[in-house]
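Model the full assembly from the supplied sequences, consistent with the hints where possible.
Below, each chain spelled out in residue letters.
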Amino acid sequence: MLRLEKTKENSFDILSLHGEVDASNSVQLDEVIKELMESGSKNILIDGGELEYISSAGLGVFMSYLEDFQEKEINFRIFNLSPKVSEVFKILGLDQLIPIHSTKTEAFAG
Amino acid sequence: MFRLPTIHIGKLTLLLSILVWLALLFVDLVRIFGIINSLESGISNEITWILEILFFFTLYFFYSDSIEKNKQKDFLNLIWRAASTGIFASTAAILVELFYFSLGDSKLASEPFMKNFFYHVNFALTTIFLISSALLWKHLILYQKNKQVVKQWQVFEFALLVAMFFVFFNKNNLDYSFIFGLVILIIISAILSGNLKWIPYLTIKEKWKSLLFLFFILVSTGFLFRRFLAYSNAEVYQVNLTDNLFLVALFAFIFLYALFSFLVTLFNLPTSSVFEQKLTEAINFQRLSQSIKPEENEEQVLDILMDSCMSASYADGAWLELQTGKKREEIVQLRFLDHKTQEELSERIKALSASGKNQDSSKELEPQNFRLDHPKFESALIIPLEVNNSKIGKMILVKEVRDGFNKEMIGIVSTFSRQACIAVENHRLLNQAILNERYQEELKIAQRVQKALLPNKLDHPDSFQICAYSNAADEVGGDYYDTFKLDEDRYVLIIGDVSGKGTSAAFHMSQMKGIFHSLIQLNLSPAEFMIRANSALSKCLEKNHFITASIFIINIREQKICHARAGHVPTLFYHAQANNSEFLLFDGLGLGILRNRKYENHVQEKEFHYSSGDILVLITDGIVEAKNQKGQQFGFGRIQSLVEIHKDKTPKEIQNQLIDSLHAFVGGDGMIDDDYSMMVVKFLPDAHQDKKNLY
Numbered sequence: 001m002l003r004l005e006k007t008k009e010n011s012f013d014i015l016s017l018h019g020e021v022d023a024s025n026s027v028q029l030d031e032v033i034k035e036l037m038e039s040g041s042k043n044i045l046i047d048g049g050e051l052e053y054i055s056s057a058g059l060g061v062f063m064s065y066l067e068d069f070q071e072k073e074i075n076f077r078i079f080n081l082s083p084k085v086s087e088v089f090k091i092l093g094l095d096q097l098i099p100i101h102s103t104k105t106e107a108f109a110g
Numbered sequence: 001m002f003r004l005p006t007i008h009i010g011k012l013t014l015l016l017s018i019l020v021w022l023a024l025l026f027v028d029l030v031r032i033f034g035i036i037n038s039l040e041s042g043i044s045n046e047i048t049w050i051l052e053i054l055f056f057f058t059l060y061f062f063y064s065d066s067i068e069k070n071k072q073k074d075f076l077n078l079i080w081r082a083a084s085t086g087i088f089a090s091t092a093a094i095l096v097e098l099f100y101f102s103l104g105d106s107k108l109a110s111e112p113f114m115k116n117f118f119y120h121v122n123f124a125l126t127t128i129f130l131i132s133s134a135l136l137w138k139h140l141i142l143y144q145k146n147k148q149v150v151k152q153w154q155v156f157e158f159a160l161l162v163a164m165f166f167v168f169f170n171k172n173n174l175d176y177s178f179i180f181g182l183v184i185l186i187i188i189s190a191i192l193s194g195n196l197k198w199i200p201y202l203t204i205k206e207k208w209k210s211l212l213f214l215f216f217i218l219v220s221t222g223f224l225f226r227r228f229l230a231y232s233n234a235e236v237y238q239v240n241l242t243d244n245l246f247l248v249a250l251f252a253f254i255f256l257y258a259l260f261s262f263l264v265t266l267f268n269l270p271t272s273s274v275f276e277q278k279l280t281e282a283i284n285f286q287r288l289s290q291s292i293k294p295e296e297n298e299e300q301v302l303d304i305l306m307d308s309c310m311s312a313s314y315a316d317g318a319w320l321e322l323q324t325g326k327k328r329e330e331i332v333q334l335r336f337l338d339h340k341t342q343e344e345l346s347e348r349i350k351a352l353s354a355s356g357k358n359q360d361s362s363k364e365l366e367p368q369n370f371r372l373d374h375p376k377f378e379s380a381l382i383i384p385l386e387v388n389n390s391k392i393g394k395m396i397l398v399k400e401v402r403d404g405f406n407k408e409m410i411g412i413v414s415t416f417s418r419q420a421c422i423a424v425e426n427h428r429l430l431n432q433a434i435l436n437e438r439y440q441e442e443l444k445i446a447q448r449v450q451k452a453l454l455p456n457k458l459d460h461p462d463s464f465q466i467c468a469y470s471n472a473a474d475e476v477g478g479d480y481y482d483t484f485k486l487d488e489d490r491y492v493l494i495i496g497d498v499s500g501k502g503t504s505a506a507f508h509m510s511q512m513k514g515i516f517h518s519l520i521q522l523n524l525s526p527a528e529f530m531i532r533a534n535s536a537l538s539k540c541l542e543k544n545h546f547i548t549a550s551i552f553i554i555n556i557r558e559q560k561i562c563h564a565r566a567g568h569v570p571t572l573f574y575h576a577q578a579n580n581s582e583f584l585l586f587d588g589l590g591l592g593i594l595r596n597r598k599y600e601n602h603v604q605e606k607e608f609h610y611s612s613g614d615i616l617v618l619i620t621d622g623i624v625e626a627k628n629q630k631g632q633q634f635g636f637g638r639i640q641s642l643v644e645i646h647k648d649k650t651p652k653e654i655q656n657q658l659i660d661s662l663h664a665f666v667g668g669d670g671m672i673d674d675d676y677s678m679m680v681v682k683f684l685p686d687a688h689q690d691k692k693n694l695y
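Chains E and S, in that order, give the protein sequences. One point on numbering: in the numbering used here, the residue at position 42 of the first sequence is 42, and numbering is uninterrupted. One point on numbering: in the numbering used here, the residue at position 255 of the second sequence is 255, and numbering is uninterrupted.
These are computed hints drawn from the structure, not numbers from a lab. Watch out, some of these pointers could steer you wrong.
[As the list claims (entries may be wrong)] Heads up, simulated PhoX-like pairs for lysine-lysine below, C-alpha to C-alpha not over 20 Å straight-line:
| no. | chain 1 | residue 1 | chain 2 | residue 2 |
| --- | --- | --- | --- | --- |
| 1 | S | Lys350 | S | Lys451 |
| 2 | S | Lys69 | S | Lys151 |
| 3 | S | Lys598 | E | Lys90 |
| 4 | S | Lys627 | S | Lys539 |
| 5 | E | Lys72 | S | Lys151 |
| 6 | S | Lys11 | S | Lys69 |
| 7 | S | Lys151 | S | Lys197 |
| 8 | E | Lys84 | S | Lys647 |
| 9 | E | Lys72 | E | Lys42 |
| 10 | E | Lys72 | S | Lys69 |
| 11 | S | Lys543 | S | Lys598 |
| 12 | E | Lys84 | S | Lys543 |
| 13 | E | Lys34 | E | Lys8 |
| 14 | E | Lys90 | S | Lys606 |
| 15 | S | Lys457 | S | Lys539 |
| 16 | S | Lys652 | S | Lys606 |
| 17 | S | Lys197 | S | Lys209 |
| 18 | S | Lys543 | E | Lys34 |
| 19 | E | Lys84 | E | Lys104 |
| 20 | S | Lys444 | S | Lys485 |
| 21 | E | Lys104 | E | Lys8 |
Below, the structure is given as structure tokens:
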């Protein structure tokens with residue numbers, strides 16, 4: 001099960017992920033990120049505090065937008081990941097491409 | 001070889017009855033000869049009676065055999081047989097009378113021998129008519145028989161048998177016992193005559209014909225009976241054959257049954273069209289419920305549906321609209337209407353249903369009855385067709401009369417359409433099942449092909465043992481492992497995992513294998529291998545897919561391992577001398593994530609020495625992320641401790657331990673919903689080194 005929640009703080013669009021991202025619901029995540037991007041948002045933050053698990057299909061979603069973010073100069077950051085999920089990002093090496101912060105304030109500060 | 005000729009009952013009984021009749025005739029002629037010549041012939045009446053009874057019996061057996069043989073279910077044929085025999089017997093009697101009439105008062109007219117001969121002929125023909133008709137009636141009475149009717153018939157037959165022998169007791173006098181017997185037989189006949197179940201099954205045309213035949217039978221019966229009465233009053237005939245209870249009772253029976261049949265058929269005439277209609281409906285219903293065979297098409301069912309509904313509602317025209325596209329409707333069947341009229345009617349119905357009050361969607365799936373202001377057709381009935389709760393089309397019936405569709409018609413028509421929809425639905429489901437079956441077969445082939453992509457023999461020197469295992473969550477998966485021998489001293493281990501699972505992962509896996517196989521020939525360093533692999537895979541992977549891989553180049557001479565990791569799950573390395581183990585985690589980005597030159601900055605190489613007893617466990621994330629019922633992951637810790645516990649075992653044993661523990665963790669029937677693979681390598685004491693140590 002995955003629940004997505006969009007909030008806006010200042011110029012930051014915060015997308016909170018609740019539950020698990022796997023092959024069956026990665027499309028939802030993809031759609032929401034696409035929406036945010038198309039709405040012209042320049043700062044997209046992912047709140048992973050409630051994210052219990054992310055499969056390779058879920059990671060594939062983030063990965064597929066890396067080039068777009070760079071092209072459109074969008075700040076894409078992830079924060080508040082649980083150690084387990086954080087490790088998944090680390091193993092794949094995505095932590096080298098996406099800034100991962102431990103708290104929201106850090107993420108705001110960049 | 002001598003063979004007994006098979007006894008032909010029909011011919012035998014026919015021959016016997018003719019012989020018996022001739023004997024009867026001869027006996028009577030002899031008797032008359034005796035009387036005329038005042039000689040005592042010494043032939044008692046009993047002999048005549050016995051012969052008469054014999055004649056009855058042989059005729060009975062002949063006819064029951066003959067009717068049994070031509071056991072047609074055609075009632076009309078049976079009645080015609082009785083009628084034709086009756087007409088024949090009556091005609092013969094009339095001819096005899098005419099013959100005597102033409103003779104006038106000549107001497108020949110009072111010639112006793114000839115008179116007696118014709119008497120016997122008339123007797124024989126009448127008896128044939130009576131017995132054959134009685135047996136034909138039996139067939140009609142016992143149509144759709146039940147136990148009670150069979151019993152009644154048996155009683156009647158028994159009573160007739162008694163009546164045959166009654167002559168010995170009664171000496172052919174019309175006394176009270178005769179009348180009593182006759183009354184009993186007539187009562188039984190009347191009761192039996194109530195069994196007329198065959199009549200409703202006649203069509204109107206057949207009913208008219210049967211009325212005619214029954215009329216013939218009634219007339220002949222009456223005529224022949226009158227002849228009989230005439231004979232019994234005449235004194236010329238020495239032994240009266242005809243004042244016989246058996247024959248008189250048969251007369252009564254034949255007449256009664258024919259009369260009942262005649263009247264019931266007559267009164268059945270007006271309702272017979274309704275009966276026929278119901279019968280057709282039942283047959284149509286049956287045709288509709290027969291499921292369509294896969295090779296047939298739905299059109300036949302719709303064809304039957306149209307025919308049945310039109311005949312059930314006496315509609316003057318009809319058409320069928322099927323939804324083919326999203327909004328498009330196609331007219332597939334048009335009956336007794338031209339396209340122009342159909343369009344006119346369609347327009348009017350559309351206007352009516354748009355203005356109608358019942359706009360709610362629940363009514364849409366119920367039959368709707370309309371009044372039309374069309375010059376020719378004044379009423380219309382719309383029956384929606386639905387399969388699987390979704391409308392597939394509608395059938396429109398039109399009639400030239402106003403309010404032409406009554407409740408019963410609507411009922412039967414909607415039953416028909418429901419049945420047809422079920423048949424269509426079954427047909428579709430069946431086709432789908434067949435298609436699925438084919439896909440399953442295709443997937444099995446894919447599975448076999450993919451299994452062949454994994455090595456069935458792993459390259460390794462004597463100085464290390466190796467084993468590997470892979471299991472896909474679906475028929476095919478995205479995990480891959482392989483080994484290569486670069487030269488005498490260097491061996492390569494590779495493990496890879498495509499993101500996602502199933503068919504798409506399987507295709508990427510085969511691409512990965514191709515790329516790895518070509519790159520390995522180039523003698524590259526692990527980091528260079530990954531960089532090249534990334535650039536090659538970037539061109540063929542789908543946008544949101546990536547591959548993780550680990551590569552190990554083992555130099556057995558220098559006991560050195562060079563390793564690069566591209567986002568893959570870290571490999572467990574057990575260090576025998578230190579008796580500890582660690583997961584080899586360092587920077588390394590998955591393949592296909594960064595699809596440009598920058599990837600070079602994100603891959604590292606690690607080099608380390610190994611010694612005998614050391615173990616490498618290469619895994620894919622399916623093992624680490626396997627979940628139990630509580631949602632906990634198998635995790636790295638369990639793998640690590642299991643390897644440490646079983647460190648002294650062979651790679652195969654360690655691998656089995658890991659797999660067994662994994663299954664036990666996930667739970668009895670729990671499914672691991674990702675592909676998972678592993679490769680276990682254990683380094684053995686080097687033969688050369690051991691020798692050195694020994695000396």
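Against the structure, the hints come out as follows:
no.: 1; hint: S:Lys350 - S:Lys451; result: violated (60 Å)
no.: 2; hint: S:Lys69 - S:Lys151; result: violated (23 Å)
no.: 3; hint: S:Lys598 - E:Lys90; result: holds (18 Å)
no.: 4; hint: S:Lys627 - S:Lys539; result: violated (34 Å)
no.: 5; hint: E:Lys72 - S:Lys151; result: violated (100 Å)
no.: 6; hint: S:Lys11 - S:Lys69; result: holds (13 Å)
no.: 7; hint: S:Lys151 - S:Lys197; result: holds (17 Å)
no.: 8; hint: E:Lys84 - S:Lys647; result: violated (27 Å)
no.: 9; hint: E:Lys72 - E:Lys42; result: holds (8 Å)
no.: 10; hint: E:Lys72 - S:Lys69; result: violated (97 Å)
no.: 11; hint: S:Lys543 - S:Lys598; result: holds (17 Å)
no.: 12; hint: E:Lys84 - S:Lys543; result: violated (26 Å)
no.: 13; hint: E:Lys34 - E:Lys8; result: holds (16 Å)
no.: 14; hint: E:Lys90 - S:Lys606; result: holds (17 Å)
no.: 15; hint: S:Lys457 - S:Lys539; result: violated (31 Å)
no.: 16; hint: S:Lys652 - S:Lys606; result: violated (27 Å)
no.: 17; hint: S:Lys197 - S:Lys209; result: holds (17 Å)
no.: 18; hint: S:Lys543 - E:Lys34; result: holds (14 Å)
no.: 19; hint: E:Lys84 - E:Lys104; result: holds (18 Å)
no.: 20; hint: S:Lys444 - S:Lys485; result: violated (31 Å)
no.: 21; hint: E:Lys104 - E:Lys8; result: holds (13 Å)
Figure legend: structure checked against the earlier numbered hints; hints not met, in rising order: 1, 2, 4, 5, 8, 10, 12, 15, 16, 20.
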